[in-house]
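A.B. asks: Sequence:
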Amino acid sequence: MSKDERIIQNQDNKKTIRHEDYIAGIGKGMAILDSFSSNQHRLNISMAAEKTGLTRAAARRHLLTLEYLGYLESDGHYYYLTPKVLKFSGAYLGAAQLPKVSQPLLNLLTNQTSLIYSVMVLDGYEAITIARSAAHQQTDRVNPYGLHLGNRLPAHATSAGKILLAHLSQEEQLDWLQKYPLQRLTKYTHVENDKFLELLQEIREQDWCYSREEHELGVHALAVPIYGQDFKVVAALNIVSPTMKTTEEYLIQHILPLLQETSRDLRQVL
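Those letters in the sequence shown? Residues 1 to 270, per the UniProt record's numbering, in order.
Note that these hints are calculated values from the structure, not bench results. There could be a bad hint or two in this list.
As the list claims (entries may be wrong) - Think about it this way: if two alpha-carbon atoms lie no more than 20 Å apart in a straight line, the pair counts; the simulated EDC-like pairs of lysine to aspartate or glutamate are: (1) K51 to D12; (2) K15 to E171; (3) K179 to D123; (4) K15 to E172; (5) K14 to E192; (6) K232 to E172; (7) K14 to E171; (8) K51 to D34; (9) K84 to E20; (10) K28 to E67; (11) K100 to D265; (12) K179 to E205; (13) K245 to E202; (14) K232 to E202; (15) K87 to E67.
Turn these sequences into a full structure, and let the hints steer you where they fit.
C.D. replies: As structure tokens, then:
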């Protein structure tokens, strides 16, 4: 097979593309943008090069180009994202069906219970919030669960993330664990692969997941899958609450039926 006919594959989403159709410059530029996160707000040239595998010279050119295009700003030493990057998330949230149809139902749940609800999808290592609600007078500083759209949380340590992982095939789960080794975030985080896979099987069988203090102490959560018309899980619906405000028994006995009913309602309109 010649170079132009060679097929390359994205290891994250398994998409393929012909080598001659792949624009490496775009890939490198997006890699720079992907390097920014809630834990890494600012990058200098050396940090960007280390995170992306680019040379310092290449990282510098990409940073300067993104600054020129308005996606980054710089103080002379460090680069940081500008509000222009929100154009992409705004376009997605404005066009995607799931955030639109779920928002009224999340608001209804909040009005009924004064708790925080989210719809989340899996993206590599993390579960991402694409819709959320919160009580109008919410004062609990639950961080970082469900605070804002686009919030990204480690999938293995969250109720929504484990629901989404549980509905992957066994091969996909093994690939995920190989690529994203389980990291301990609290003393309650699952970090043993075999036990984690057994847990995912249990979650899949019962079709809901309760998680307590695996990502953040003092916080627990409950999640159910959202199914599409083809019986495939497309997202997870979860509730998050401080452990001082609600008990596990309350969440399972009173909130779980509401989540399951809402999930069924969403399935009818997806």
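A.B. asks: Which of the stated hints cannot be reconciled with the structure, identified by number in ascending sequence?
C.D. replies: Going through the list in order, the structure violates hints 5, 9, 12 and 13 and respects the others.
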